[in-house]
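Numbering (the working numbering), first residue to last: 77 to 541.
Treat the hints with care, as some may be off.
[As the list claims (entries may be wrong)] Derived pair list, reagent style BS3-like, types lysine-lysine, alpha-carbon separation capped at 30 Å:
#1 106 to 189
#2 268 to 330
#3 189 to 206
#4 106 to 206
#5 330 to 306
If you are wondering where the hints come from, they were derived from the structure by calculation, not from laboratory data.
Computed from a predicted model, the values in this text were never measured in an experiment.
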Amino acid sequence: MCLPCLLAQVACCFGSTACSLCCACCPTIKESTGSRIMYTFYHILGTIVCCLMLAPTISESLKNNVPFYSDFCNAIQAGVDCEKLVGYSAVYKVCFGMAAFFFIFAIILINVKTSRDCRSYIHNGFWFLKFLMLAGFCAGAFFIPDQNTFLKVWQYIGMVGGFLFILIQLILLIEFAHSWNKNWLTGAEQNKAWYAALITVTLIFYAAAIAAFALMIVFYTNPLGCALNKGLLSLNLVLCVAVSLLAVSPCVQKRQPRSGLLQASIISCYVMYLTFSAVTSRPAETVINASGMNQTICFPSSSEDGQRIGDTVVAIVGSIIMYGCVLFACVGSPVRSSVAALGISSDERPSATEASCCFCCVQDEDGAVYEEPEDGGGQKVVFNERDGVVYSYSFFHFVYFLASLYIMMTLTNWFSYENARLDTAFTQGSWSTFWVKMASCWVCLSIYTWTLLAPLCCPGRDFPD
């Protein structure tokens, strides 16, 4: 069994064979799923490299503990103590390599209809060669002449790409909320227990949003100042209440009977997260207290290592939301239908009609014909795209292209990249970062409000439920 498995892995790395694990006890995997997992792994790997390049403790540890470290750095022409391989400029170059890799595939794979297309073999195979290609792009970026011009131009490109990714992320979240509500309401027509689940989840999201608002009032405002924080927190709370009331208003319910508080609660919770992320990213405010001493306000006290309270929370939650939205872009059936409306989807399979706790995982169509699983001595692979791909290859890579730019801008603190560090990547004080995140709140609320009002403003057009 080892020899067939070994041959299968070699074919996966150097040929068009789909990727799989050597363990035969693993459940059968679809070709489409395996490919997405591998590209996600590549993207996560590149992100980890970027994080290591921004971690000052990593470079210090290597310099102090690795023998002949300086000699090695000089041998590869990386500067004194490999200074060219650390810092914001190194992150820019690695993200340039990742972005170029995914952008090229997004162009090559435009309009691929089935896995029988010769281009799909490139998408679903040759994994080791593609890894070398990705590594080559990242390494080649360090040899681009006129680095100052490159970094400046790439910053503006990253800024535009990062904004586009935020916009797509918001659209996907709203689509996710609508599809969740629609799926569970469909289940409630047959089983009233789904109503209880719907109400419970809605209350949980609202409770989380209210708790987040209360914590921000306690820790990120102060009687001595923080007027901007107080005003924006109050404004966003009022806007969340307004969209919640609008979602269940009679005029909206008449045109969209499936509109409800679940969508509004998800949006409210996300807006509160963005608000929290924004207030932790603003510069500190200093006032003179009653004792005549300078006092830093508008954020909690720093921990022993100098890191603000909340840094780790924002970093973890931000990463989860970002990768969740990227994956949902190509996994969720509602997104495929919305992408089809934009004319960039390669498949128009209907969304799931049966209620499910994991509704975003697309079910196969009844009667869909797949080839028999391939058994190479390990995990079996089902070729489920012979008659039509289940997601747009080109759009998938385009989302990862934008995600690479978004990661670059986030890790390097958007417009203030000179002093970027990993431990403050998500929370370092910067007005530009603050307003980007705060504007995201309002864009999210505006898009959701438009989905509610569009059928009223354009009564002659048909809108999906």
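Could you check the structure against the hints above and give me the numbers of any it violates, in ascending order?
Those not satisfied come down to hint 5.
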